[in-house]
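Chemist: Chains A and B, in that order, give the protein sequences.
My numbering puts the first sequence at residues 119 to 537.
My numbering puts the second sequence at residues 141 to 400.
Hints are not guaranteed to be accurate.
Claimed, not checked - Here are the simulated lysine-lysine pairs, PhoX-like style, with alpha carbons at most 25 Å apart:
hint, chain 1, residue 1, chain 2, residue 2
1, A, Lys456, B, Lys183
2, A, Lys506, A, Lys456
3, B, Lys146, B, Lys325
4, B, Lys146, B, Lys169
5, B, Lys390, B, Lys183
6, B, Lys325, B, Lys287
7, A, Lys345, B, Lys399
8, B, Lys207, B, Lys265
9, B, Lys183, B, Lys287
10, A, Lys346, A, Lys421
11, B, Lys391, B, Lys146
12, B, Lys265, A, Lys456
13, B, Lys183, B, Lys207
14, B, Lys178, B, Lys287
15, A, Lys346, B, Lys228
16, A, Lys508, A, Lys456
17, A, Lys346, B, Lys391
18, A, Lys346, B, Lys390
Quick caveat, the hints were computed from the structure, so don't treat them as lab data.
Being a predicted model, the structure only gives us computed values, none of them experimental.
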Amino acid sequence: MSDHEYIPKSKLGKWFNDRLPILTLANHLTEYPTPKNLNYWWTFGAILTFCLVTQIITGLILAMHYVAHADLAFSSVEHIMRNVNYGWLIRYVHANGASMFFLAVYIHIFRALYYGSYKSPREIIWILGMMIYILMMMAAFMGYVLPWGQMSFWGATVITNLFSAIPFFGESITMWLWGGYAVDNPTLTRFFSLHYLIPFLILGLVVLHIWALHVPGNNNPIGIDIKKPSNDTVSFHPYIVIKDLFALLIFLIVFAFFVFYSPNILGHADNYIEANPMVTPAHIVPEWYLLPFYAILRSVPDKLLGVIAMFAALFILVILPWLDTSKIRSAIFRPLYKQFYWFLVADVLILGYMGAMPAEGIYLLVARVATAYYFLHFLIILPVLGNKEKTSEVPLSITEPVLGGSASASITKNHLDKI
Amino acid sequence: MKNFLKFFLTILVFCLKASSISAAEQTEKLLNPGWGFKGFFGKFDRGSLQRGYQVYTEVCAACHSIKYLSYRNLSETGGPEFTEDQVKAIASQFEVTDGPNDDGDMFTRPARPADNFVSPYANEKAAIAANGGAYPPDMSVLVKARKGGADYIYSLLLGYEDPPSGLSLDDGVYYNKYMAGNKIKMSNPLSDGLVEYGDGTSATSEQMAKDVTTFLAWAAEPHLEARHKIGFRAIIYLIILTILVYFSMKKIWSRVESKV
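All chains should be modelled from the sequences, with the hints used to inform the complete structure.
Modeler: What follows is the structure, given as structure tokens:
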């Protein structure tokens, strides 16, 4: 990947590097040419890496004290909160860390949507990212079950019951997932086991995600291909490292605020009631980051079709690089797409809100319209827009707008003419 | 960068708003006597915690367990901070079953500070049977397990009223304007002068409700004071570090013709 052959200075370094080129890798990572016009929405890659590592480390410690048993899970969590040294801190970091992880991943995804980062030649990066996102949702869902509170239990019941909608095999698949005739101890233990496994799968995919990123290099706010290295790039270290660190610190201040001053604000009060199969909570709601999909699920009257719609909403994102037909990446040069982009953001937020409300009356109606619009955006608007939209002029290089070259003197090309 | 900062500020404000909205969603607006343990420097009022413990033992403990709390917690920093001798005396009033001993028999002994609070009933079924079919919930994390938290518990304790005309209640069911559905199987537990405070505080219903709610808030979150203290330091540290990193970043980026 590196453009020039790297030769370590010391003899030992050279000896080692000839056998395991880890120094070449380190050199590649520090020298990695990065577009110099990346804005702060690009710092979320680093923030997400931090989130993953934090979740793994805090999770590791929690697993030392947690007991995965239907009779003991709830009290073992209270044991962590009360008797383990700084157990309350570790647990609150882990629980709020999940929310912060999703906050960061949503910003990361919507940044990619705005700047067209999923387009050729970055489709594989995008697909790997979507796989990470799906695994994250699985990990978060199973993690939420582990404290064995009322929402844990009933959330697990609702979600696993979705599989019973599968024709013919539904019942047996659900029973297989449960390890019994209902959500019970076997369900809890297997969820714990998988909850421990998934983060390491995510870690592996993150390595691939970054590897795939380092082949074409970063996209950038104006979405053009740039020469690397050139006047348009800076080396990853120290420029991007320090910028990522700065952004991470601001993120951490927000994170710390949640952990220390409102650690339970993002959770549901019912999850401090121990799971009771005999008492159904008035409203069963998933964690906030799953709400848009929950709204889509409930807005379809038929159970099987609802499940299909929910999974389709995810799958549609996976094939997004082929749904968006526009050759221009960045929304900056796509005036119409920019508007539809913000409609989509609003649509997803509305879906999230409706997911938290009871599925009845006006809420259900709005959720249905929003669900329809979600699919409309990806299946109709994006493919059509790419062919119809009049895009504005795209600069040839990053340096040009950065140095403020006058529009008349600079050479620009109109993509519409070329394509 | 401005957008970036604005974004996070919005998130924070939104979450704070959301919390106050969710509290206000109740049909009746919850009472709030002003809690000292909220906010950046929030701490429990020691006197209130000790009085609250008294209310819990003399009133609530007849039916409600608080099983995740240990007697030793009562003397730990950030709690009611009874002296260790006081806690030993408190614990020794209760009997716990221990064993088996060398003869293979279970035996009872006075509780020690290391023991968990002794529950009023042997098990949940016994508690339900003794309370007309309603389970008096364990109070260990009750404040965190109810929407509205401390405000809700406080309001509920003071929310007993005569039922509106036309509403007939079964025996053993009471009207409470803060309870979901307004029907509650717990009779009004507080009345003025029900307990006699050792420190001379007048035991009005409001005072007892506030004290016992403070006690329960501590029971649900015994490390709250440590959390607030560490949190404040952590955030100050992060802010200073952020400022330092900001200037380092400016310096490093001044080498290239690009703004950051």
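Chemist: Are the Cα atoms of lysine 178(B) and lysine 287(B) separated by 25 Å or less?
Modeler: 16 Å, holds
Chemist: For a C-alpha distance cap of 25 Å, please report whether lysine 183(B) and lysine 207(B) respect it.
Modeler: Judged against 25 Å, a Cα distance of about 24 Å means the pair holds.
Chemist: So if I understand the rule, the pair passes when the alpha-carbon distance is 25 Å or less; does lysine 508(A) with lysine 456(A) pass?
Modeler: 12 Å, holds
Chemist: Verify the proposed pairing of lysine 391(B) with lysine 146(B), using a straight-line Cα cut of 25 Å.
Modeler: 23 Å, holds
Chemist: Is lysine 346(A) within 25 Å of lysine 421(A), Cα to Cα?
Modeler: 51 Å, violated
Chemist: Can the restraint linking lysine 146(B) and lysine 169(B) be considered satisfied, given a maximum Cα separation of 25 Å?
Modeler: Answer violated: lysine 146(B) to lysine 169(B) is near 32 Å, above 25 Å.
Chemist: Assess, step by step, whether the Cα of lysine 506(A) is no farther than 25 Å from the Cα of lysine 456(A), and give holds or violated.
Modeler: Since the Cα atoms of lysine 506(A) and lysine 456(A) sit roughly 14 Å apart, the hinted pair holds (cutoff 25 Å).
Chemist: Is lysine 146(B) within 25 Å of lysine 325(B), Cα to Cα?
Modeler: 49 Å, violated
Chemist: Within a Cα-Cα threshold of 25 Å, do lysine 346(A) and lysine 391(B) meet the stated pairing?
Modeler: Answer holds: lysine 346(A) to lysine 391(B) is near 24 Å, not above 25 Å.
Chemist: Holds or violated: are the alpha carbons of lysine 345(A) and lysine 399(B) at most 25 Å from each other?
Modeler: OK: lysine 345(A) and lysine 399(B) at ~20 Å, within 25 Å.
Chemist: Please verify whether lysine 346(A) and lysine 228(B) have alpha carbons no more than 25 Å apart.
Modeler: 73 Å, violated
Chemist: Given the hinted pair lysine 390(B) and lysine 183(B), is their alpha-carbon gap at most 25 Å?
Modeler: Roughly 40 Å between the alpha carbons, so the hint for lysine 390(B) and lysine 183(B) is violated.
The structure is inconsistent with the numbered hints 1, 3, 4, 5, 10, 12, 15, although it conforms to all the rest.
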